[in-house]
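2 protein chains.
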Amino acid sequence: MAAARGQRGGDRDVPAAPNAAEVTMPIPPVSDTPMQRARAIPEAAVARLAVYLRVLSGMAEQGIVTLSSEELAAAAGVNSAKLRKDLSYIGSYGTRGVGYEVSVLVDQIERILGLTRSHSVAVVGIGNLGHALANYGGFPSRGFPVAALFDVDPDLVGVPVGGLPVSHIDDIPKVCAEREISIGVIATPPAAAQAVCDRLVAGGVASIVNFAPVVLQVPDHVEVRKVDLAVELQILSFHVARRADSMNVNGSALGNVDGVVIGR
Amino acid sequence: MAAARGQRGGDRDVPAAPNAAEVTMPIPPVSDTPMQRARAIPEAAVARLAVYLRVLSGMAEQGIVTLSSEELAAAAGVNSAKLRKDLSYIGSYGTRGVGYEVSVLVDQIERILGLTRSHSVAVVGIGNLGHALANYGGFPSRGFPVAALFDVDPDLVGVPVGGLPVSHIDDIPKVCAEREISIGVIATPPAAAQAVCDRLVAGGVASIVNFAPVVLQVPDHVEVRKVDLAVELQILSFHVARRADSMNVNGSALGNVDGVVIGR
DNA sequence: AGCCACTTGTGAACGAATGCACAAAGTGGC
DNA sequence: GCCACTTTGTGCATTCGTTCACAAGTGGCT
Ligand SMILES: NC(=O)c1ccc[n+]([C@@H]2O[C@H](COP(=O)([O-])OP(=O)(O)OC[C@H]3O[C@@H](n4cnc5c(N)ncnc54)[C@H](O)[C@@H]3O)[C@@H](O)[C@H]2O)c1
Ligand SMILES: NC(=O)c1ccc[n+]([C@@H]2O[C@H](COP(=O)([O-])OP(=O)(O)OC[C@H]3O[C@@H](n4cnc5c(N)ncnc54)[C@H](O)[C@@H]3O)[C@@H](O)[C@H]2O)c1
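Sequence lines, in order, name chains L and G.
In case it helps, our numbering puts the first sequence at residues 675 to 938.
In case it helps, our numbering puts the second sequence at residues 675 to 938.
Incorrect hints may have been included.
Remember, identical chains collapse to one label, so a pair may be satisfied in a single copy or spanning two.
[Stated by the list, open to error] In silico lysine-lysine, DSS-like type, Cα no more than 30 Å apart, as pairs:
#	residue 1	residue 2
1	759	848
2	900	759
3	900	756
4	756	848
5	900	848
These are calculated hints, taken from the structure and not from any lab test.
Make the full structure from the sequences, and use the hints.
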């Protein structure tokens, strides 16, 4: 199918500029370009900025005008040094001795995250999860209007869900282009996910959120974020097991091998 | 406890271990952390092991008995060196020149992830999302039986959802103890999440998955994993914006090399 | 003005995760 | 038994991310 990339043994051999996110040279040209925005923000920081934004929105609603990094950090569940460093990636908008103005931070984070314009979302697979997503009010209100729904089931096509009629997946490319969909959300059964993904890509969608528990193969210019609940549960399971292990200290050597294999 | 109100170097409220020596010492605090004996598996590797496990299960169903790190890595969407390193954290179960036996890896990963026993799950907030979760067959089949459902709505209490009757949130502590719930899933509106979380903790639940867009405050021994769709969308938005930016940059240095695509 | 208490922004130390490259260990052919 | 070939497991360099700790600003108070 798509993406023949990656099979070949040495496709990654080329040492040439893999991902030089930030090629900061030891001596940055002192003559800084005025509009030198977007200087590599660490991936992890971007995720946190989104969290700060939400916390700040809540603060704004409560009428809070100014706060310190310490306060915001506590509310966001991170330590204050990290918070300040994160904010420093987007500029210097604080006042020493005082703190930050909520509205300024909100504006700046929105700018950096590209939230000054809205991004239309398409949901594919209107089953249990798809219904929940289509009905969820939290996306439109945050600049992510759900502008298209798709399913393969003829009984669903044409039926309005959350006020929007479901289209057939064969129309994905056409509808996505028409409605300028920029983000596709896949909520189909795993077996259908790759095919759906391919269609979305064919329709010009370059950002995808995938709920189906499969690894999608996509061209390089497409970005996929997976939301995998089973993995989350298993990570928790791991920590539970780890915790239990460290309890019974002595016989820790790979305890039992009781072959109680679950399911499968 | 957190004590240390205040100034001196950041005090953190996060898990803590390294006691920051209060006095500023010219020399770094003597590195004393011998207790960290267990060769810990990197957090990031744990998440990937869960993915490998799923891919391997699929392989097993297809009757594949043996495979190489290269093959598994391709199927899991990672590079093979990383895959081998990840596997090396759990032991040496491969055969040089040959590869890995699928069934062995499945067993070992399940052992490490603590999947040799099942973990009962409780879902709180049986709305759109909660219904989807309660009806989802993917959890029970992977060793995470949904053993309790809770909601505050009197019209819902007693109604079976996915074959299991909904209980009232006031019974969280009691029911969780009775049914030995080990993982709680929060799918309530944001405003109710913290209160629900507190009850789960009171009921002895030490692992929580939170779908509500709020930062939960929990005691140290409780682990929370948040699933935040809005954040995912905003991260995608950020990359879209960034991509657009690098487009309209006049053909300066950035040009080709900047394959800044972080998420791959 | 001068002092002081407070808070930001950031260089630098530290630590975690990734990717490379190759010795070691195995298989199969002869 | 030896050689050619394959693939694992891991030491090492590198890159990415977090935390520390402090100079540099800011505003209030006397
Ligand atoms: N329900 C959950 O709580 C949950 C949790 C985690 C992951 N998931 C994953 O999310 C996905 C959806 O779960 P669900 O519970 O909503 O499943 P579901 O069976 O309720 O819904 C799937 C929907 O996809 C549609 N569909 C099937 N093939 C399709 C195709 N080729 N193109 C478009 N649509 C197609 C079906 O008609 C159906 O409406 C699954 O991959 C599941 O593993 C679900
Ligand atoms: N629906 C989605 O697709 C989606 C996506 C992302 C995040 N979320 C988040 O997930 C959560 C649930 O979303 P939803 O769409 O299912 O909402 P919903 O309104 O459909 O359901 C919420 C349910 O929680 C119950 N509830 C309210 N207060 C409660 C309390 N104190 N204790 C227990 N139950 C209580 C309500 O009775 C209702 O049944 C929300 O926080 C939402 O922001 C939902």
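For each hint, the structure was consulted:
1. In the homo-oligomer, the alpha carbons of residue 759 and residue 848 never lie at most 30 Å apart, since the shortest distance is 43 Å inside one protomer and 44 Å across protomers.
2. Taking the shortest alpha-carbon separations for residue 900 and residue 759, both the intra-copy value of 27 Å and the inter-copy value of 22 Å come in at or below 30 Å.
3. For the identical chains of this complex, residue 900 and residue 756 are neighbours both inside a copy (25 Å) and across copies (19 Å), given an alpha-carbon limit of 30 Å.
4. In this assembly of identical chains, residue 756 and residue 848 lie within 30 Å of each other by CA distance neither inside one copy nor across copies; the values are 44 Å within and 39 Å between.
5. For a Cα distance limit of 30 Å, the shortest separation of residue 900 from residue 848 inside one copy, 25 Å, qualifies, whereas the shortest one across copies, 35 Å, does not.
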